[in-house]
Structure formats: structure tokens, C-alpha cells
Amino acid sequence: MAVGRLLLALALLGATVDAKATRVRKSWAAYTNDERELYLSAVEKAMTSGNHMLFTEVYMDSDSLKQVVGTCGAPAWYRKYLLGYENMLRSLDTSFSDLTLPYWDIFEDSAKRITTTTECNGIEGCSPLLEDLGGCKGPELMAGAYVVNGEAVPSGNCANSSVAGHACANSKKCEKCIPRGDWDIGDSSLEFGPTTLADLIRHASDAKGTASSGTSTMDTLRKEVQNSIQMTLHSILGGVYETRAAAFDPIFFSH
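Residue numbering for the sequence shown is -21 to -1, 1 to 234, as defined by mature numbering (1 follows the signal peptide of the UniProt record, and there is no 0).
No lab work stands behind these hints: they were computed from the structure. C-beta: ideal position from N, C-alpha, C; glycine also. Some clues are possibly wrong.
[To be verified] Computed beta-carbon distance windows for the label pairs: (1) Asp185 <-> Gly123: 41 to 49 Å; (2) Gly129 <-> Thr1: 19 to 27 Å; (3) Arg2 <-> Lys116: 28 to 36 Å; (4) Thr1 <-> Ser41: 29 to 37 Å; (5) Met121 <-> Ser207: 26 to 34 Å; (6) Ser76 <-> Gly123: 34 to 42 Å; (7) Glu110 <-> Ala(-1): 27 to 35 Å; (8) Thr96 <-> Pro133: 19 to 27 Å.
Taking the hints into account, I'd like the entire structure generated from these sequences.
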């Protein structure tokens, strides 16, 4: 049964897209309340049905990670992976047939911290997506007590609100919470300015002109994005997001 469901996940990853159907991703901030509720309902159903866990397993597969970590093919792999997850959500119910994955505009949310027209504090307070996906509040976890597909989560709070309360890493006993870091302390704030990406592109372009190793501008940019943005986010969000099982957190699908 599990093998059959895993094959279904792989089939959804490889599904062709109707050329006539235009899919436009929008930021979570641009979603209406109805659109937000629909998306959250779809993710909840994916979690309780076990389909969300299947996509976590696909991501954690060693062959998948070889294509994702430190390779020039990572952006293309992620796009295909997100499309597969979106297809899966659409397949769960006819009401989800036109659903499109939202994205987390980390640059816009970061800019809120330095503007005088918006009052917010910290990563969760300035990012409605994080709050709507369950935030970080919940009982503190003992190290190694929460395991996702063989990957033990070292620490964190077990967030149990919204979709996080439907999490199921074990088919025999659903945990009904997701390990996340404490976003209210330390450096748990968005440290990406509105010009961060433009600065990285400029830096990669400048490095091309001075490098003697033959490294391409795109390869330099990929490494800059991974080290300056991606790894920083994994560290700030904490919990399961800091592990190989990061895809278990639905925040992951709002790349």
C-alpha cells in the first residue's frame, strides 16, 4: 500500500500540465481570506491522508538530495517538485482543482521591519504566512523525541495551531504538531533587506569578471542564494526545518 502511494507521488511529480491552464503563483499577502482558507484546508487534508508525508519521503530520498544540494540543477528540481505537490493538492477534492501554491515574500516581509508605516516585530509578527501556517507556539520537545522518516529533530517547540495541528509523521499515531524553533528569541528575525537579491545578482556578476576559476555567474549566484538566504532561513525557522526532513513543514512549499 505504501509503495503504491509513493508511486502516486512520483506520478504527480511527473504529471504533464495542460498548456491551456495558466497557473499564477501569488504571495500569501495577495491571497484573499477565502483563498487562504482553501489552501489551508487542502494542506490539512494532505497531512491527514498521508500524501504530505509521501512528498517528504521523496525529498529525503538520497537520489533526490543529490540533485538538490549544491547543484546547478537545484532550481529546476524544486520547480518540478512544487508542481507535483500542487498537483497532489488539486487531486484531493474538486474544490481544490484550481488551487495554486502561494509563495512567502520574505523580502517584502523583511522590509516591514525597517519602514515607519508598518508596525511588527520578529519573523512571525511580520510574516502572516508563518502565523497562518501555525506559528511556533507549542510544548517544548525533548531532543530526538520527534522523528520524521528516520530523521530525529534535535529540538524545538511542537507548534499545534492551524495546519500544524494536523501533522502526521507516523501513520499509527499522528503527532498533531510540527517541530519549529522559538521565533521570539535571539536572531529570529528576517535579516533580508528589499535589495538583498539585487545585491547578490550584482555580486555574482562582479565575481565573474574577476574569477579565474571559470565559475559561471549563475553558479556563483546559486551559491550566494543558498548560503545567504536558504541556509539562513533553515537556521532561523529551526525545528524540523533544520533537518533533512525540512519538507515535512508546509512552510517549505512556499519557496
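Hint check:
1. Asp185 <-> Gly123: 41 to 49 Å: holds, 44 Å
2. Gly129 <-> Thr1: 19 to 27 Å: violated, 39 Å
3. Arg2 <-> Lys116: 28 to 36 Å: Taking Cβ atoms as reference, Arg2 and Lys116 lie about 33 Å apart, which means the hint holds.
4. Thr1 <-> Ser41: 29 to 37 Å: holds, 35 Å
5. Met121 <-> Ser207: 26 to 34 Å: holds, 33 Å
6. Ser76 <-> Gly123: 34 to 42 Å: holds, 41 Å
7. Glu110 <-> Ala(-1): 27 to 35 Å: holds, 31 Å
8. Thr96 <-> Pro133: 19 to 27 Å: violated, 39 Å
The structure is inconsistent with the numbered hints 2, 8, although it conforms to all the rest.
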